[in-house]
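Enquirer: Just need the whole structure built from these sequences, with the hints factored in.
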Amino acid sequence: MPQTADFILDRLRQWGIHRIFGYPGDGINSLLGALDRADGDPELIQPRHEEMGAFMATAHAKFTGEIGCCMATSGGGTIHLLNGLYDAKLDHQPVVAIVGQQKRIALGSGYQQEIDPNTLYKDVSEYVQTCMHPAQARQLIDRACKVALANRTVATVIVPEDVAMEEAQPSPPREHGAVYTTAGWSGSRTLPEQSELRKAADVLNEGEKVAILVGQGAAEATDEVTEVAELLGAGVAKTSLGREVLPDDLPYVTGPIGLLGSTASHEMMMNADTLLFIGTSFPYAEWLPPEGQCKGVEIDIDGRMIGTRYPMDAQLVGGSRDTLQELIPLLQRKQDRSWREKIESEVDEWWRVLDDRAHDDADPLNPELVTHELSKRLPDNCILTTDAGSVANWWARHLKLRTGMKASLAGNLATMGPGTPYAIGAKFAFPDRPVVALVGDGVFQMNGMLELITIKGYLDRMNQSPLIFCVFNNRDLNQVTWEQRAMGGERKFPGSQNIPDVPYAEWAKLLGFTGIRCDSPDNIGAAWDEALAAGGPVVLEVVVDSEIPPVPPHIKKMQAQKVAKALREGDPQTWGIVAKGAKQKMHEFTESAREAMPGRER
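Residue numbers for the sequence shown follow the numbering used here, beginning at 368 and rising by one.
Calculated lysine to aspartate or glutamate pairs in the DMTMM-like style (CA-CA distance at most 25 Å, straight line):
(1) K743 with D728
(2) K773 with D799
(3) K876 with E740
(4) K662 with E708
(5) K662 with E693
(6) K662 with D680
(7) K566 with D680
(8) K743 with D896
(9) K489 with D509
(10) K566 with E693
(11) K823 with E410
(12) K773 with D827
(13) K767 with D722
(14) K823 with E873
(15) K470 with D377
(16) K767 with D727
(17) K470 with D529
(18) K470 with E533
(19) K823 with D403
(20) K709 with D569
(21) K767 with D715
(22) K767 with D590
(23) K709 with E575
(24) K513 with D669
(25) K566 with D640
(26) K773 with E597
(27) K823 with D799
(28) K662 with D569
(29) K767 with E587
(30) K709 with E573
(31) K743 with D715
(32) K743 with D889
(33) K767 with D616
What follows is a set of in silico ranges between Cβ atoms, one per label pair, in the way DEER data are often shown:
(34) Q699 with P657: 21 to 31 Å
(35) G475 with Q561: 50 to 60 Å
(36) G432 with A781: 14 to 24 Å
(37) D408 with P678: 47 to 57 Å
(38) E708 with T549: 50 to 60 Å
(39) G475 with Q381: 25 to 35 Å
(40) I820 with Q699: 54 to 64 Å
Just so you know, the hints here were simulated from the structure itself, not pulled from any lab data.
Glycine residues also receive a C-beta, built at the ideal position from the N, C-alpha and C atoms.
Expert: Listed below in structure tokens is the structure:
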């Protein structure tokens, strides 16, 4: 007879879950046996570490819109999932975790590997329950999947090993307390009140300088956002999680915002008189207009978060696409297009600044040139991932996304580690699509190198289109180094910031993959061509200059003072920082001067 473990897998399959990212352990022995009997549906993908499995499940949810699923054994395995699950929680992705537990008879005895996952997972998981009886499994799996989808969050089912081994009870006994549930879920349309829509339309119609900010909540509303921007003559800035909402080749898309942002986004925000937020919880008030400068309209599906980032005059609780469809007929096309023309001019100027910065001399290779050259070669329908660190700056600014491309990172958790497992998760979901991960050497040493072994285990699944890991080798935990200077006023501390120089390309070759090493600006274009043309996984190791600063679009006075303090105190890279940082900012002034020249052709 089937065990409860077999029934759990069958129920997950009914929910459309055909892939589970998990690592074995005796606390889930029965589930592993059931996976063997499942004959590949659902299939088990074995990463090198449970944390990486949780990241892969999050990536699956992000790139497919489906439930991601991960599995871990009791004790340490359950603990290891947490970082990846917090990534899913904070970026609002539906992920179901199945974790093991000791037999019920042992609970409370301090048994080996006995922890309290109900308490441990109380914060990360909106729904966390222990299956105490085989007849309970049906309703727990159904509830977990419903909660994950409805609230776009993490849900967890804890399965004691003795329950998993017992005979399955697909239908609970007909008695008091029994619960009968259904597999399946349907989303709903959430719309604001008409009075609030009219109020929003009045605000937007009255505004003369409208700035739009979109996040991942606008991902399904590309056409509607485009129409609204055209009607209002607005520019559109994008959060890091909202990169794929609009393509970057639209002339009014100002690109990223904040520390990773563009001068075009900064200028638009600082000069706007009206804001329209769509599906974003962008938290950094210093990169938004001063309070009182703008009227505002916000659209968000989550009424708990609306109006929590900037004072809003109209708060539209609803889905982005449906709400915009209701709002559009109420909007008036602005006849004065001077604001739009100003934005387009600043966007054009920003792209030229990036070109100039990318071609600045560096020792040995400018990291901005690496992403600049990739941008010119991005394959159609590619999927792009990155990681925490200075590399995220170049990923956000230089890569010019086109329609059909996907891109994501750990947006709200901003943790180290997701770039490589995101790419692997994306490749399992879309084996025919090119996938490129840009990662720093620090995070690649932390966990990325070992996940290449995961790829080796599934090499037959990875050869259908490019899978490239571009590792930025600067022997420095670079983002934190710059944060020490700009936020702490501290000089670089080599004892914490320097990391070993590792031959990443050679490591790839050792595993049987293509390994390419580039340390010359003259060769980086050819290196990308070779990587994109290679069959199978590729590690492109680029030896880059750690002194190229991730200069924000506007240097705050306090940041400048703290960097100056750090340099005065004897930062080991003082002279390189001064020369290269000044040159980067000078490109902005040069382009502005060119724009002001009479008769300049555009």
